[in-house]
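Chemist: Taken in order, these protein sequences are the chains called A and B. In terms of the numbering used here, the first sequence opens at residue 10 and continues consecutively. In terms of the numbering used here, the second sequence opens at residue 10 and continues consecutively.
Keep in mind the hints are simulated off the structure, nothing from the lab. Check the hints yourself; a few may be wrong.
Identical copies go unnamed one by one, so any copy, or any two together, can satisfy a pair.
[Said to hold, decoys possible] Think about it this way: if two alpha-carbon atoms lie no more than 16 Å apart in a straight line, the pair counts; the simulated EDC-like pairs of lysine to aspartate or glutamate are:
hint	residue 1	residue 2
1	K108	D157
2	K377	E154
3	K267	E281
4	K467	D509
5	K339	E37
6	K373	D511
7	K460	D103
8	K285	D179
9	K108	E135
10	K339	D179
11	K302	D346
12	K184	D486
13	K108	E156
14	K548	E318
15	K108	E154
16	K136	E317
17	K460	E199
18	K105	E131
19	K462	E287
20	K467	D248
Protein chains: 2
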Amino acid sequence: MAEAKENPFMEKIVSLCKRRGFIYQSSEIYGGINGFWDYGPLGAELKRNVKELWWNTMIRQRDDVVGLEATIIMSPEIWKASGHVATFTDPMVDCKTCKGRFRADQLAEIPCPQKPSKMVNECHGEKTAARAFNLMFKTIVGPVETEDNIAYLRPETAQAIFAQFKNVLDSSRVKVPFGIAQIGKAFRNEVTPRNYTFRSREFEQMELEFFIKPDEAIEAISGRVASAAEIGNQQSAIDTSSWGWEAWHKYWVEERIKFYESIGLPRTTLVEYWQKPEELAHYARATVDILFKFPFSKRDEHGELTGEELEGVAARSDFDLSQHERFSGKPMGVFDDELRTAWSKLDEAKQAELSNRYYEARLKYLTKTGVEPAKAEKEAREDAEGLAKGQYIPHVIEPSAGVDRLILALICNAYHEDQMPDEKGKQETRVVLRFHPRVAPIKVAVLPLLKNKPELVKKAQAVRDLLRPHMNVFYDDGGAIGRRYRRQDEIGTPFCVTIDFDTLGEKPELLDTVTLRYRDDGRQERVAICELLPQLLEKIR
Amino acid sequence: MAEAKENPFMEKIVSLCKRRGFIYQSSEIYGGINGFWDYGPLGAELKRNVKELWWNTMIRQRDDVVGLEATIIMSPEIWKASGHVATFTDPMVDCKTCKGRFRADQLAEIPCPQKPSKMVNECHGEKTAARAFNLMFKTIVGPVETEDNIAYLRPETAQAIFAQFKNVLDSSRVKVPFGIAQIGKAFRNEVTPRNYTFRSREFEQMELEFFIKPDEAIEAISGRVASAAEIGNQQSAIDTSSWGWEAWHKYWVEERIKFYESIGLPRTTLVEYWQKPEELAHYARATVDILFKFPFSKRDEHGELTGEELEGVAARSDFDLSQHERFSGKPMGVFDDELRTAWSKLDEAKQAELSNRYYEARLKYLTKTGVEPAKAEKEAREDAEGLAKGQYIPHVIEPSAGVDRLILALICNAYHEDQMPDEKGKQETRVVLRFHPRVAPIKVAVLPLLKNKPELVKKAQAVRDLLRPHMNVFYDDGGAIGRRYRRQDEIGTPFCVTIDFDTLGEKPELLDTVTLRYRDDGRQERVAICELLPQLLEKIR
């Protein structure tokens with residue numbers, strides 16, 4: 010928990026999360042296990058809501074994205090193709106004296122285990138040179154412990170999508186441009202897990218790989234490639250036939266920010282950070298990190314929080330599928346009839362221009378990934394010839410989000426302390442989580458004013474049973490009504506329904522009313538029971 | 010895939026699942042990885058629906074169960090307490106000649122790798138004695154590879170629930186009897202994964218641990234313990250205060266069978282198998298396996314399929330929490346004020362009788378788990394004294410289901426070949442998945458009769474957009490309408506909506522009608538567009 014623990018705001022968050030069942034330390038009764046966190050009853054509901062909204066927004070509400078659910082343990086060959094076996098490493102230094110192992114770039118920050126008054130870089134222990142330590146968790150599949158049987162827990166969900174690209178293409182009615190999306194656990198053996206659940210060793214990702222035509226194909230088909238500026242804030246319903254990678258990338262950045270807004274993170278809490286050329290991976294054409302201003306993130310020179318990454322939206326060129334084609338020997342290209350037809354109608358000069366641009370791009374990829382020059386040139390030429398026949402390897406736009414850090418952002422953003430009068434009208438400080446009703450773990454609490462009045466209890470149970478098939482309802486009959494409201498405020502329940510004596514005795518029964526109480530301002534109004542469900546449904550959508 | 014592959018019915022299932030995107034082999038382009046399966050677009054939707062229904066039924070629709078989402082990697086101490094480190098093993102034999110490793114109980118079934126005409130038990134290779142091979146996947150957490158840093162991928166989700174029992178109790182408004190439920194991945198390094206997705210190495214579980222009072226507490230409070238026969242098929246709404254473990258066990262068996270019925274598995278496809286005394290784990294008081302008659306399950310002497318396990322409903326006594334109390338040193342007991350009050354009102358003879366029964370039960374547990382006699386007697390006596398003060402460790406009823414085998418059961422059960430007239434009235438064989446609409450991956454397909462008539466397309470898109478916020482809709486404009494119906498039949502879409510020329514030109518527009526076509530019998534009827542949504546919502550719930 011490191012830094013977060015020293016932040017008074019984060020201390021309150023951590024304490025609330027444990028006390029009210031959002032987040033617990035994994036294996037706490039056994040002293041915990043560093044870098045692993047469990048979600049309690051309310052955390053589990055919050056997380057489910059967020060994942061469900063993502064799945065619904067990214068897949069079910071669209072014609073052009075389908076889902077996938079792949080395994081965590083996959084063939085180790087996948088991680089060779091992706092580069093994770095070779096380069097997903099931290100440089101580590103061993104101390105020959107204390108036998109400790111430390112991240113080479115953190116020696117000045119870590120106290121020496123034997124002499125904690127000194128940092129590791131100042132102590133007397135003799136250190137080895139830095140060595141690469143792979144961050145993937147390793148295991149053995151099958152009964153025999155040999156090198157051949159080593160497998161890894163996936164460090165990201167994305168690669169499964171690339172590995173199953175052809176199966177999805179062949180078994181679903183999809184056509185480029187289209188996407189494959191997945192939600193699932195991933196694992197990284199972080200040397201220094203920190204900031205509560207922000208950087209943990211086991212975490213969950215929501216990733217979309219959106220496959221698009223190369224710009225040369227777009228230009229052949231549409232005669233032009235739309236600029237990013239052109240698309241503005243347009244919706245997917247419009248004509249996207251001239252969209253190249255820049256337009257799609259811009260589109261997805263905007264879509265993702267809208268998603269965060271739709272679940273209660275205002276745009277002012279987010280930062281759209283465009284990676285600088287020197288920060289980009291060699292295959293990436295552009296990457297935008299969507300940051301949230303976490304309370305523990307660094308402050309800039311004006312004292313403003315700079316934010317920490319919630320999601321990266323990367324334009325990854327055709328690197329991923331190309332790598333899997335090379336490593337698996339299985340073709341990853343698609344055949345695009347529209348391109349073939351369009352190409353045959355281009356004049357020769359245009360054909361040559363597009364062909365040459367495609368050749369250069371492929372040559373660059375092949376050279377950068379270590380293919381020897383003569384072979385690279387030959388392959389790039391074949392690829393360019395393929396393009397003229399309607400063949401290409403799709404490019405990828407990847408919006409990749411971390412679920413756990415989003416949950417933490419939602420909780421940090423929702424947390425407020427304000428003043429509200431108690432039942433006697435005296436102002437008191439209350440803690441309230443102002444979750445958007447869409448993500449709130451519990452949508453409505455149903456509260457009989459008194460638990461020892463059977464007519465109130467019976468009516469309250471009827472209201473509970475009326476609402477429950479449609480939303481997550483919490484029934485609570487314990488304690489003073491003001492205390493019960495505060496308990497719900499603290500866990501972010503947007504609505505409370507109180508069944509009191511006014512409810513009873515009114516006639517006809519259908520028009521009986523209850524008190525509907527709003528979390529954020531404590532406002533109360535009387536609503537007829539038969540209007541309650543439609544009103545609440547409207548508010549939680 | 011072993012046995013399933015030799016079954017012609019299963020061959021069809023496997024082929025359909027791959028062809029239409031339900032299930033793929035994991036890492037297929039790299040030759041696969043034995044015992045791992047991915048869910049394609051339709052499989053992922055089917056699985057999500059099933060998990061969502063389980064979560065909703067088991068948690069959100071109830072007052073007495075809350076959710077949890079714990080990590081896959083937990084403290085290794087948990088698996089010492091649960092017994093998995095010591096006993097979750099298969100006996101394995103090594104062949105000194107071929108260096109193969111085989112399950113000791115399968116030597117007569119596995120061909121010798123060097124001389125496949127002989128089975129391993131007949132070949133000449135010199136074998137070692139059988140040794141215990143632990144089925145948990147091992148990994149190392151943190152940068153240093155030492156024994157201390159070994160951790161396991163959880164072989165079941167249940168233990169996390171026990172480990173977090175106290176946190177949940179302290180942070181949620183729950184009181185015994187109550188349950189904690191979880192859905193998540195689990196891993197078992199099966200020596201012989203088989204029967205397609207039925208027994209794989211990575212799988213998903215849906216587990217409920219339902220915590221109840223010991224029978225002695227029930228008797229003290231209610232004066233009696235209800236027999237299992239007494240509860241019949243009663244609902245949870247009724248008074249459960251006299252329910253001991255037998256009643257609760259019976260109740261959960263019945264609830265779980267009702268769940269399977271509610272998602273389309275008729276009771277006739279299920280078998281309720283009561284484990285025989287000699288099959289029970291030493292701590293279990295009763296276990297009912299709910300079996301599904303898979304096509305690959307064995308046949309009995311009458312030729313009837315005997316079924317394979319979908320779920321086990323076990324009465325686990327207080328074994329689990331007791332083990333974690335002993336291994337963690339943290340108290341797992343609850344204080345029950347109702348019991349304390351009731352106990353003080355019992356006469357001495359009754360107190361002595363209940364106290365003695367509780368003492369005997371605790372002594373049995375302590376002795377069986379290896380506590381030395383003198384210590385066991387002392388502890389059991391203390392436990393009995395605690396009971397009199399309202400203290401006990403809750404007992405557990407555990408309905409534990411496998412998601413993947415349930416998905417396979419649903420597909421096997423849904424698969425039918427029947428005769429249906431084509432568009433010209435000629436009978437043809439069709440493949441249809443008769444999924445219950447609740448679990449069907451796609452609820453409705455929206456089909457414009459012709460794709461080159463803009464007025465049809467526009468109207469069809471409007472219908473799609475009308476339905477989509479409420480259910481998973483598939484829009485398909487490609488090919489003859491009959492072919493499109495067949496494609497939907499084959500993936501189990503219960504409803505098709507066709508926009509044809511009759512739809513257009515009718516006035517007023519609000520009353521325009523579409524063709525609603527039913528999957529199972531091919532029946533078609535005309536429905537007003539404005540009635541479509543409520544009608545479909547009614548049918549898919």
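Chemist: None of the hints should be skipped; say for each whether it holds.
Modeler: Status of each hint after checking the structure:
1. K108 x D157: Between copies only: 14 Å across, 29 Å inside.
2. K377 x E154: neither (35 Å within a copy, 34 Å between copies)
3. K267 x E281: within (12 Å within a copy, 50 Å between copies)
4. K467 x D509: Only inside one copy: K467 and D509 sit 12 Å apart there, 51 Å across copies, limit 16 Å.
5. K339 x E37: Only across copies: K339 and E37 sit 10 Å apart there, 46 Å inside one copy, limit 16 Å.
6. K373 x D511: neither (76 Å within a copy, 56 Å between copies)
7. K460 x D103: Neither way: K460 and D103 sit 64 Å apart in one copy and 67 Å across, limit 16 Å.
8. K285 x D179: neither (37 Å within a copy, 48 Å between copies)
9. K108 x E135: Result: close within a single copy only, 10 Å intra versus 42 Å inter.
10. K339 x D179: within (14 Å within a copy, 54 Å between copies)
11. K302 x D346: neither (46 Å within a copy, 47 Å between copies)
12. K184 x D486: Classified as between; 13 Å across copies, 55 Å inside a copy.
13. K108 x E156: between (26 Å within a copy, 15 Å between copies)
14. K548 x E318: Answer is neither; intra-copy 30 Å and inter-copy 43 Å both fail.
15. K108 x E154: Cα proximity of K108 and E154: across copies only (12 Å, versus 26 Å in one copy).
16. K136 x E317: Neither way: K136 and E317 sit 32 Å apart in one copy and 57 Å across, limit 16 Å.
17. K460 x E199: neither (50 Å within a copy, 53 Å between copies)
18. K105 x E131: within (14 Å within a copy, 53 Å between copies)
19. K462 x E287: neither (70 Å within a copy, 51 Å between copies)
20. K467 x D248: Only across copies: K467 and D248 sit 15 Å apart there, 56 Å inside one copy, limit 16 Å.
In the structure shown, a violation is registered for the earlier hints numbered 2, 6, 7, 8, 11, 14, 16, 17 and 19, in ascending order.
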